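All the letters of the sequence shown, read from the start, carry residue numbers 1 to 266 under UniProt numbering.
Because the hints were derived from the structure by calculation, they are not lab data.
From a predicted model like this one, the values you see are computed outputs, not experimental measurements.
Treat the hints loosely; a few may be bogus.
In the EDC-like style, the derived pairs of lysine to aspartate or glutamate whose C-alpha atoms are separated by at most 20 Å in a straight line are [said to hold, decoys possible]: (1) K211 x D258; (2) K215 x E229; (3) K211 x D247; (4) K236 x E134; (5) K137 x D96; (6) K137 x E195; (7) K137 x D122; (8) K211 x D91; (9) K215 x E189; (10) K137 x E188; (11) K73 x D91; (12) K35 x D258; (13) K92 x D111; (14) K137 x D243; (15) K211 x D153; (16) K212 x D249; (17) K236 x E183; (18) K137 x E125; (19) K236 x D249.
Simulated DEER-style distance windows between Cβ atoms [as the list claims (entries may be wrong)]: (20) N170 x N23: 41 to 49 Å; (21) D209 x D105: 28 to 36 Å; (22) D105 x D157: 28 to 36 Å.
Cβ coordinates follow ideal geometry from the N, Cα and C atoms, glycine included.
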Amino acid sequence: MGFSFCSFASGSSGNCYMVESDNTTLLVDVGIAGKRILAGLEENGLQVEDINGILLTHEHIDHVRSIRMIGRKASQAEIYGSEGTFSCIEDKLPPDRIHPLLEEDPFDIGDITVVPFDLSHDALEPMGYSFVHEGRKLTIVTDTGYVTDDIFDQIRDADTLVLEANHEVNILRMGSYPYPLQERILGEEGHLSNETAGNTICHMLDALDGKKTPKVVLAHLSSENNTPEQAYLTVKNILFENDYYVDRDLELSVVRRDDPSPLIEV
Numbered sequence: 001m002g003f004s005f006c007s008f009a010s011g012s013s014g015n016c017y018m019v020e021s022d023n024t025t026l027l028v029d030v031g032i033a034g035k036r037i038l039a040g041l042e043e044n045g046l047q048v049e050d051i052n053g054i055l056l057t058h059e060h061i062d063h064v065r066s067i068r069m070i071g072r073k074a075s076q077a078e079i080y081g082s083e084g085t086f087s088c089i090e091d092k093l094p095p096d097r098i099h100p101l102l103e104e105d106p107f108d109i110g111d112i113t114v115v116p117f118d119l120s121h122d123a124l125e126p127m128g129y130s131f132v133h134e135g136r137k138l139t140i141v142t143d144t145g146y147v148t149d150d151i152f153d154q155i156r157d158a159d160t161l162v163l164e165a166n167h168e169v170n171i172l173r174m175g176s177y178p179y180p181l182q183e184r185i186l187g188e189e190g191h192l193s194n195e196t197a198g199n200t201i202c203h204m205l206d207a208l209d210g211k212k213t214p215k216v217v218l219a220h221l222s223s224e225n226n227t228p229e230q231a232y233l234t235v236k237n238i239l240f241e242n243d244y245y246v247d248r249d250l251e252l253s254v255v256r257r258d259d260p261s262p263l264i265e266v
């Protein structure tokens, strides 16, 4: 059976991902204009009424921009997130369809099992998610300042990993961002750098020890402090330094901030 991932948008200006099996369609975050979400669904042969669940990672506007509209139009979809996230946007939510989650308490939406886990970000109880279907696992980790042991436990056996590569440290340090904002981004409740992403992937490959060849998708790139080419090059170089090679040990790709990605089979 099919199990796939698609990015409608990924980055500091807005985020929305689709996860689907043959029988279940989920959205992870709705941080872009509603019409773009509807267009992304249509490009994949779906309508908003086909959505079975909406999962929110946290309350920042680039992740919840269209929750009121999509929550209303996707009338069959239950909405999931942490108590902290819901408390920040409760006026935008249909109260009869929200489901507060606890860390690492698995649950099913249709034929997909979802495992929520805590992230380290300057939001109120942010969450990442793993998705399991027919023995295949997709894990999405963005908007975290560092990779905790609990986060890595979700990463270590993923078949497909969507991982934040937000910034190149040297570009951030030499750029126009004021110093306090630079420190926020670089802090433990900020965002993962290209280098940290590369080292995390190496750690993942160490743990897998050749048992599978994962797909890794770099995501949530900064518009000012990174480029898709830079993220890919930095991560590829770190892999090479650790004797790991793209197309031999893993498949590596980058999703762009404003362009939908191809459908990626998990």
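* Taking 20 Å as the top limit, are the C-alpha atoms of K73 and D91 close enough? -> Given pair K73, D91 holds - Cα atoms ~16 Å apart, limit 20 Å.
* Is the hinted pair K35 and D258 satisfied, with a Cα-Cα distance of at most 20 Å? -> Holds. K35 to D258 sits at ~13 Å (cutoff 20 Å).
* Asked: Does the hinted range 28 to 36 Å hold for D105 and D157 at CB?
  -> Roughly 19 Å apart at Cβ, these two residues miss the hinted range, so it is violated.
* To do: Take the C-alpha atoms of K211 and D247, compute the straight-line distance between them, and say whether it is at most 20 Å.
  => holds (15 Å)
* **Proposed proximity, D249 with K212 (alpha carbon, max 20 Å)** => holds (8 Å)
* Asked: Keeping to a limit of 20 Å between CA atoms, is the pair of K211 and D91 held or broken?
  -> violated (47 Å)
* Asked: Does D111 lie within 20 Å of K92 when you go C-alpha to C-alpha?
  -> violated (28 Å)
* Agreement of K137 and E125 with the hint, judged by alpha carbon distance not exceeding 20 Å -> violated (23 Å)
* Asked: Is the hinted pair K137 and D96 satisfied, with a Cα-Cα distance of at most 20 Å?
  -> Between K137 and D96 the Cα gap is close to 30 Å, so the pair fails against 20 Å, i.e. violated.
* CA of K215 to CA of E189, is that 20 Å or under? -> violated (26 Å)
* Asked: Given the hinted pair K137 and D122, is their alpha-carbon gap at most 20 Å?
  -> violated (27 Å)
* To do: Please test the hint of 28 to 36 Å on the beta carbon pair from D209 and D105.
  => Holds - the Cβ-Cβ distance for D209 and D105, about 29 Å, lies within 28 to 36 Å.
Violated hints, in rising order: 1, 4, 5, 6, 7, 8, 9, 10, 13, 14, 17, 18, 22; the structure is consistent with all others.
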